Amino acid sequence: RKEVEQDPGPFNVPEGATVAFNCTYSNSASQSFFWYRQDCRKEPKLLMSVYSSGNEDGRFTAQLNRASQYISLLIRDSKLSDSATYLCVVYNTDKLIFGTGTRLQVFP
Amino acid sequence: DTGVSQNPRHKITKRGQNVTFRCDPISEHNRLYWYRQTLGQGPEFLTYFQNEAQLEKSRLLSDRFSAERPKGSFSTLEIQRTEQGDSAMYLCASSRTKGGLAGSETQYFGPGTRLLVL
Chain A
-3 RKEVEQDPGP FNVPEGATVA FNCTYSNSAS QSFFWYRQDC RKEPKLLMSV
47 YSSGNEDGRF TAQLNRASQY ISLLIRDSKL SDSATYLCVV YNTDKLIFGT
97 GTRLQVFP
Chain B
3 DTGVSQNPRH KITKRGQNVT FRCDPISEHN RLYWYRQTLG QGPEFLTYFQ
53 NEAQLEKSRL LSDRFSAERP KGSFSTLEIQ RTEQGDSAMY LCASSRTKGG
103 LAGSETQYFG PGTRLLVL
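Residue numbers (the working numbering), protein chains in the order written: chain A, -3 to 104; chain B, 3 to 120.
Treat the hints as calculated values from the structure; they're not laboratory data.
This list has only true hints and no planted wrong ones.
Using 25 Å as the maximum straight-line C-alpha spacing, the simulated PhoX-like pairs for lysine-lysine come out as follows:
1) Lys73(B) / Lys91(A)
2) Lys75(A) / Lys41(A)
3) Lys59(B) / Lys(-2)(A)
4) Lys91(A) / Lys41(A)
5) Lys59(B) / Lys73(B)
6) Lys41(A) / Lys59(B)
7) Lys100(B) / Lys73(B)
8) Lys100(B) / Lys91(A)
9) Lys13(B) / Lys41(A)
10) Lys(-2)(A) / Lys41(A)
11) Lys59(B) / Lys91(A)
12) Lys(-2)(A) / Lys38(A)
13) Lys75(A) / Lys38(A)
14) Lys59(B) / Lys100(B)
15) Lys91(A) / Lys38(A)
16) Lys91(A) / Lys(-2)(A)
17) Lys41(A) / Lys100(B)
18) Lys13(B) / Lys59(B)
19) Lys38(A) / Lys13(B)
In this text, all values refer to a predicted model and were calculated from it rather than measured experimentally.
Between the sequences and the hints, there should be enough to build the whole structure, so can you do that?
This is the structure we're talking about:
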């Protein structure tokens, strides 16, 4: 079993839609949690950190449930420019552990 | 540009050849990480340095792989006797540790070196 699991998608949604991605992690000792965004053939870039209290950055909302070892990302009012792969990431013993990524394609 | 830089950006080599990649981290970042990413997968941790000390190596890093960070600034990753299975994107990231929650520092990634072994 992979340490971080997420649905690879693709999720194909129209502009303006709301889309949610989920992720589970297996190591309860994981210390920090993130969502990274990766465009095709580019490097990953930090989208946002994830906290138990939840955090919001514009159209993006992330949530962590430590009891269920579950992380989510909600994107509201999707834009064409949101098309990318979204990587669920946990930090454990000095390194980032990445999920396989969920591909999002927003169409006009 | 003060971000993480990697060279070369692309490398095509024949099986059995040695290759070396370079990473220049963000200035004053004391931690430097190497990851490998294959198609359809997320990046996988290979190794990391704190200053010049190599603190952890993944079991993915076979004895054909070696990484150095001699002066605590740039780093090199060498692959000896390359195999077709080594074809991947090799990503470097850097961060600056600070007080507070472990892992709270952001890792900034370079553009990667894309390796193709024929």
